[in-house]
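Chains A and B are the protein sequences, given in the same order. Here the working numbering is used: the first residue of the first sequence is 111, the next is one more, and so on. Here the working numbering is used: the first residue of the second sequence is 111, the next is one more, and so on.
In case anyone wonders, no lab produced these hints; they're calculated from the structure. Keep in mind that the hints are not guaranteed to be accurate.
Since the list can't tell identical chains apart, any single copy or any two copies may satisfy a pair.
[Said to hold, decoys possible] Calculated cross-link-like contacts (lysine-lysine; reagent style DSS-like; alpha-carbon spacing at most 25 Å):
#, residue 1, residue 2
1, Lys208, Lys247
2, Lys244, Lys175
3, Lys247, Lys175
4, Lys141, Lys274
5, Lys126, Lys114
6, Lys273, Lys247
7, Lys353, Lys141
8, Lys273, Lys141
9, Lys117, Lys274
10, Lys244, Lys367
11, Lys274, Lys155
The structure displayed is predicted, hence computed values, not measured ones.
Protein chains: 2
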Amino acid sequence: MDLKSFKENVIPSFEKEMLDYIGKELTKKEKLHEAMSYSITAGGKRIRPLLLLATIQSLGGDIQKGYAASAALEFIHTYSLIHDDLPAMDDDDLRRGKPTSHIVYGEDIAILSGDALLTQAFEIIADSDESSEKKVKLISALAKSAGPKGMILGQMADIQGEKKSLNLEELQFIHRNKTGELLKFPIYAACVIADATPEIEEQLMGYAEHIGLAYQIRDDILDIIGDVAEIGKNIGMDAAHNKSTYPGLLTTEGAKKALAKELTAAKTNLKMVEQISQNSVNPIQINLLTEMIDLLVIG
Amino acid sequence: MDLKSFKENVIPSFEKEMLDYIGKELTKKEKLHEAMSYSITAGGKRIRPLLLLATIQSLGGDIQKGYAASAALEFIHTYSLIHDDLPAMDDDDLRRGKPTSHIVYGEDIAILSGDALLTQAFEIIADSDESSEKKVKLISALAKSAGPKGMILGQMADIQGEKKSLNLEELQFIHRNKTGELLKFPIYAACVIADATPEIEEQLMGYAEHIGLAYQIRDDILDIIGDVAEIGKNIGMDAAHNKSTYPGLLTTEGAKKALAKELTAAKTNLKMVEQISQNSVNPIQINLLTEMIDLLVIG
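For reference, chain A alone in the conformation it holds in the complex (with noise of 0.2 Å):
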C-alpha cells in the first residue's frame, strides 16, 4: 500500500475516534466543547498521527493501537498551536486558513481549552486499552515531549532567542526541542506499541530525528517562498516578527541543501532498518517511511 491509500484508508476512521473523545467529554452542546472541536478540525494535515500509525503498519502491528496515542499527540499539537498564536505569543490570526482560537472565541476560552486538550491528552492514553506498562511508557514519554525539557522548553527558548540574532547552534537547539520532539514521539510511540526491538527502535528514533529538522526548515523556507493558500498561514510572519531562520543564516539555497541533507540522512536510517530486519520472519516494510521523506521535498 503506498501513503497516499494508507492516508485515504486510516486518517478518516482515526478522526472520528479522536473527535469521538471530547464528545465522551462533555455531553451537552458548549462553548468548550466548541472551541476544543474547532480547533481539532480546523484543517491539520495529521502530519503526526501519520507517522506514528505508518510506522505501526510498517513493524507490523495493529494501527488501531496506534488511535489513543495518536490522538492525545494531535490534542496536545493542537494546544500547543492556540497558545501559540494567542496575543501575549506570537500574535496570530489566521491559522490553516482559518481564524486563530482566540478571535473567534475570545482569549479566556482560547486560553481554557488549549488546558482542556493537552489535559485530555494524557487522560486519553490513561484510559485506552493497552497493558498498564506501556500505558505509562506513552504518558511518560508525552509529558517529556511535550514538557519543559521538550516542547515548552524550545518555545522558551523562542521566545528568549527574538530579542537576539542567533547562530546555527541556538536555531538548532529551538527546533529541536520545539518541533523535533512532537515528531519522535510518535515514531518512539509506534515503537512501544509495535514491539520494535532496540536495534529497530535506533534507528527509526534518527529517522524521526532527521525529519524533525527537515520539516522545520522546510516551513522557514516555505514562509519566503510558499503562498498563502497552498500552506494555510500567513507567509513573510518570521522575517515580519525578525526571527532567526535557516534560509536567513544559510540563505535560501543554503537552507534548501540543509534539508536536502536531512533527508538522505533519514533515508539512510530507513536502509539500515530495511538491512537488520531483512533476516526476520517478518521483514519491515519500509515504504510508507520512505514516502513520508518524499513529502518533505521542495521544489
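Here the structure of chain A is known, so what remains is to put chain B in place on it, guided by the hints.
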C-alpha cells in the same frame, strides 16, 4: 499525632521533593525554571498535599508513596492559579500576598510556565515508584479532575456565569467542578495508594465532596469578612467582578450556616469510616481528617 505536628513533620520534606522535580527537569538556571519555582513556592498552604498525605496516614499507608501524586496535584493547582490570574481571565495582580506570575515574568512566560507545570504533573506520576496499574489509575483520575469534565468545565461555567446572576444550583455546579474536583482527587489518590476498601473509599469520597463545598463557601465568606494580610489576596474581588457567591445568594449568615452543614456532613462520613473499620486489624485513625474539617470553621 495531631495535624499540626503531622504537617510540620511531613510538608517540608514533601516540598523539598516537589522542588526537586523542577530542578531535575532543567539543570541550568533559566527563566522557565525560575517562573515555575516562583509560583510553586509562592506561599501556598499545601492543603491538597496535606489532605492526600493525611489520608494515607489515616489509612495506615506509607506517606512517602504519596509524594509524587501530591506534587503532581500541587503542580496542577498552581498552573490553574497562574492561568486564572492572567489579564484575559480574572486579571489579578496579587496572589498569596505576592505579585502574580504574569506581573513578574510577563504574560507569555506565565502561560508557558503554567503549561509546563500541567504537563510535568503527569510525568511525575508516570515516573514514580508505584505499580503501573496504580499509576494509570492516578493519571486517569487526575486528568479527569483537572480536565474538561472537571476543573476546566467549572472554569468555563464560571466565565459564562459572570455575565448573569446564578442560582444556588448553578453556583454549586461551578464549585463542584472548579475547585471540588481537585479537592476530591487527593482523597481518591490516597485510597488507591493505601489500598482502601470500597466501603471506606465511598465514605471518604463523601467526606471529600463536603469539605470541597465547605472550602468554597468559606472562601466566598472570607472575600467579604477576611483581611488581606490573613488570606494573602485582595478582598472584595468577587463583588468588584459582580460574581455570584454564597453570601450573595444566602446572606453572610446563611452562608455560614451552609458551611456548618457541609462540615457536619463531612464529620458524619468520618464516623462511618470509624464504625466500618473498628473491627478490622488496623482500625482507621480519623483524627487528622477531623482536624482538617476544623481548619475550615469560621469564627
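Indices of hints not satisfied (ascending): 1, 6, 9, 10 and 11
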